[in-house]
Amino acid sequence: MSEEKLEEIEETEEIETLEEKDTIISIKSDLDKLHKKHRTRKEAFIHSMKSFFSIHDDVASHGEIRERIRNNGRITGTNAILLILAIIIASVGLNAGSTAAIIGAMLISPLMGTIMAIAYGIVSCDRKFVKGSVEGLLFQFLVAFLVSTLYFLITPIKTPTDEILIRTSPSLFDVIIAISGGIAGIIAMTRESKFSNVIPGVAIATALMPPLCTMGYSLANGEWRMLLGSSYLFLINVYFIFASSALVLSILNIPKVTELNPQRWKRLHILMYVNTVIIVLPAVVLAILIGLGII
1 MSEEKLEEIE
11 ETEEIETLEE
21 KDTIISIKSD
31 LDKLHKKHRT
41 RKEAFIHSMK
51 SFFSIHDDVA
61 SHGEIRERIR
71 NNGRITGTNA
81 ILLILAIIIA
91 SVGLNAGSTA
101 AIIGAMLISP
111 LMGTIMAIAY
121 GIVSCDRKFV
131 KGSVEGLLFQ
141 FLVAFLVSTL
151 YFLITPIKTP
161 TDEILIRTSP
171 SLFDVIIAIS
181 GGIAGIIAMT
191 RESKFSNVIP
201 GVAIATALMP
211 PLCTMGYSLA
221 NGEWRMLLGS
231 SYLFLINVYF
241 IFASSALVLS
251 ILNIPKVTEL
261 NPQRWKRLHI
271 LMYVNTVIIV
281 LPAVVLAILI
291 GLGII
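Residue 129 in my numbering sits at position 129 of the sequence shown, and the numbers go up by one each step.
No wet-lab data here; the hints were simulated from the structure.
Among the hints, a few may not be true.
Computed Cβ-Cβ distance ranges for the label pairs, DEER-style [what the hints assert, rightly or not]:
#, residue 1, residue 2, range
1, D57, A100, 34 to 40 Å
2, N253, V134, 22 to 28 Å
3, I166, E135, 28 to 34 Å
4, L85, L281, 33 to 39 Å
5, I270, G222, 35 to 41 Å
6, V143, L165, 21 to 27 Å
7, L107, V143, 15 to 21 Å
8, I251, E67, 19 to 25 Å
9, T159, I251, 45 to 51 Å
10, E192, A100, 30 to 36 Å
Bear in mind that the values here come from a model prediction, so they are computed numbers and not experimental data.
Backbone N, C-alpha and C fix where the C-beta goes; we use that ideal spot for every residue, glycine too.
The task is simple: from the sequences and hints, build the whole structure.
This is the structure:
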C-alpha cells in the first residue's frame, strides 16, 4: 500500500473520531440541559408546595404568641373556674351518657392551654416557664381526678355508660387524632388573627377532660382495667398534643431564652424520640391484636 493511501486512511479515521467526539459532546450537552430543566421544574414545584403549605405567612409576633400561650396556660382566675365547671359537666355527662354535656366539657376545659404552654417553654428553653406550666398541669390533673372521683363515689348511678366505656379502650387512631389536633391547635394559636372555629374543634377532637373524669369513675368503682385504659388515653392525648405543638413552634423559630449547646439539643431530641416510641408502642400492639382478631 502506498504512503499516500495510508495518509488518506489515517485522515479519514481522524475525521470519524472527531465526529464521534462532537456527537458525544452534543449528547452530553443535551442531557445536561434536560437535567437542568428537570431540576428547575422540581425546584419550582417544591418551592410552590412550600409556599402553599407555609405556616410563616400570617404568623403573629413572637411576643403576642408568648402572651397568648401564657394566658391560656394560667390555672388561676377564669381558668380555675372553667376547670371546675368542666369537671362537673364532664362527670355528669359521663354518668348520664349525655354526649352534648361531654362536648360542652371539652370546650370549656382549659387543659389544652397548659399543655401548649409546656411545649412553648421547652422550645424556648425557658425553665421557669416549663416549671410553672408542668406544675399547673399536675394541679389541674389532681383537682379533676379527685373531684370526679368524689362525684362518682356520691352518685347513685354506678353502671358504666357507653360514654365511659369508649374512653377505656385507646387505639392507634387516638394517637393520630391527638397529633393532628395538636398541630391544628398550635397553628391557630400562633396566627395574627386566631381561627375562632379551630380551637373548639381541636378541643372536641382531642378530648382531655372525659378520659380524666373516667379515671375518677374507675377509681371510685374499683374498675382497675378501666382505670388503666382511660389513663393511657389521657396520656396519649397529653403527650402528642405537647409533641406536635413543640414541633410547630420549632418550625416557627420561637426565640430561645437560654441557648443550649448541640449536645444538649441532641439529648433532648433523643429523649423525645424514646418517649414517643414508649408511649405509642402499646397502641400499635393493640391495633395489631385487634387486626388479628385476638382481642
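Original post:
Which of the stated hints cannot be reconciled with the structure, identified by number in ascending sequence?
Top reply: The structure conflicts with no hint, since it agrees with every one listed earlier.
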